[in-house]
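My request is simple: use the sequences and hints to build the entire structure.
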Amino acid sequence: MPLPLITIVVLNWNGVTDTLVCLNSLAALTYSNFTVIVVDNGSTDDSLARLRAYNAPYPLTLIATGRNLGYAGGNNVGTRHALECGADFVLVLNNDTTVAPDLLERLLDSAQCNADAGVFSARILYFDEPKRVWFDGAFWNPSSLRLEWPGQGEAESSLGTADHETDYACGAALFFRSEVARQIGLLDESFFLVWEEVDWGFRARKAGWRNVVVPTARVWHKIGVSFGSESSPLRTYFSIRNELLWFSRHAPFSARLRLWLKNLRRLTPKFSMGSGQSAWLKRMSWAVQDYVRAWLGRGNRVEYLAARRAIRDYMHRRFGNCPDEVRMWSKLWEAQQRDV
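For what it's worth, my numbering labels the leading residue of the sequence shown as 1, then goes sequentially.
Note that these hints are calculated values from the structure, not bench results.
Just so you know, these numbers come straight off a predicted model, no measurement behind them.
We treat Cβ as the ideally placed atom computed from N, Cα and C, and that holds for glycine.
Be aware that one or more of the hints could be misleading.
Claimed, not checked - Listed next, with one range per pair, are the computed distances between beta-carbon atoms:
hint, residue 1, residue 2, range
1, S32, E84, 17 to 25 Å
2, P101, G153, 50 to 58 Å
3, A28, A115, 28 to 36 Å
4, W149, R52, 33 to 41 Å
5, P2, D167, 19 to 27 Å
6, E148, K206, 32 to 40 Å
7, P101, R327, 20 to 28 Å
8, R265, F319, 20 to 28 Å
9, M1, Q336, 32 to 40 Å
10, G86, Q336, 48 to 56 Å
11, R327, M1, 43 to 51 Å
12, K262, K331, 26 to 34 Å
See below:
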């Protein structure tokens with residue numbers, strides 16, 4: 001009986017150096033029947049030239065989208081191609097990862113042992129701290145209105161190795177049966193970036209498929225590369241807007257109401273008096289001016305401005321990519337961080 005065909009989809013956007021490191025790690029995979037699709041998501045650097053020059057020791061297809069379709073849209077391009085070419089399983093893999101040589105065998109073994117599971121996640125470890133866990137499963141807590149990640153930050157040696165349930169599989173290493181995608185569809189491109197794999201995992205569960213973490217399948221991830229930082233205005237924008245979208249689909253009315261109350265508090269900027277040798281009255285005057293500028297949607301409080309824009313865009317049903325000003329705020333934020 002032939003081995004199942006596994007297709008690995010790797011999305012690149014102006015990150016060819018990381019992508020080539022990832023592709024090199026795939027060369028060490030010990031499973032034989034796999035192919036790789038690299039989707040270049042409208043890169044504006046030298047990514048395409050370097051990817052075309054890459055001499056892969058395995059079957060590799062390069063697809064150029066010509067524009068940035070986001071995580072969801074770019075990976076959907078690769079997944080569609082994989083399905084059209086007859087893949088039995090698809091692994092969506094972040095370009096800022098490296099993998100263990102036995103990754104595919106471990107994931108496939110779990111799929112064979114868990115016939116009612118359709119979606120699987122590797123155990124994901126920090127690239128810079130290769131024995132510390134970043135993702136080992138996730139659960140939505142309706143009491144705190146938060147996703148929780150048991151095991152995050154723990155030493156891998158302190159955790160077990162048995163397969164276990166998760167509410168969704170992490171998008172950095174998302175492995176699934178092709179029939180799941182054919183049944184429930186692909187990632188929702190309204191999200192563009194973040195929360196899309198959470199939405200997809202919950203859709204799979206509603207369709208009767210279990211989501212499973214496979215701890216013996218190991219991937220190392222450079223956290224935050226897509227955003228510059230996990231706390232940047234870009235991350236803030238997508239996290240808030242897409243959280244509202246996800247809640248509208250999967251959370252009960254009481255949870256949606258509580259989330260809106262939390263976000264309404266976000267819409268009011270806080271006074272910041274600052275510190276230093278300046279007189280109290282002068283600092284108060286600056287604080288009032290800063291507060292008014294933020295209230296009017298101006299000034300340098302870029303994280304607040306990103307949160308405010310996210311809520312407004314959700315209310316106006318503006319999804320997909322973020323406005324250009326959010327990326328501008330992120331560049332300003334990065335400059336502020338360098339100056340600290």
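Hints and how they fare:
no.	hint	in the structure
1	S32 x E84: 17 to 25 Å	22 Å, holds
2	P101 x G153: 50 to 58 Å	26 Å, violated
3	A28 x A115: 28 to 36 Å	29 Å, holds
4	W149 x R52: 33 to 41 Å	38 Å, holds
5	P2 x D167: 19 to 27 Å	33 Å, violated
6	E148 x K206: 32 to 40 Å	20 Å, violated
7	P101 x R327: 20 to 28 Å	38 Å, violated
8	R265 x F319: 20 to 28 Å	23 Å, holds
9	M1 x Q336: 32 to 40 Å	59 Å, violated
10	G86 x Q336: 48 to 56 Å	50 Å, holds
11	R327 x M1: 43 to 51 Å	50 Å, holds
12	K262 x K331: 26 to 34 Å	28 Å, holds
Checked against the numbered hints given earlier, this structure breaks hints 2, 5, 6, 7 and 9; the rest are met.
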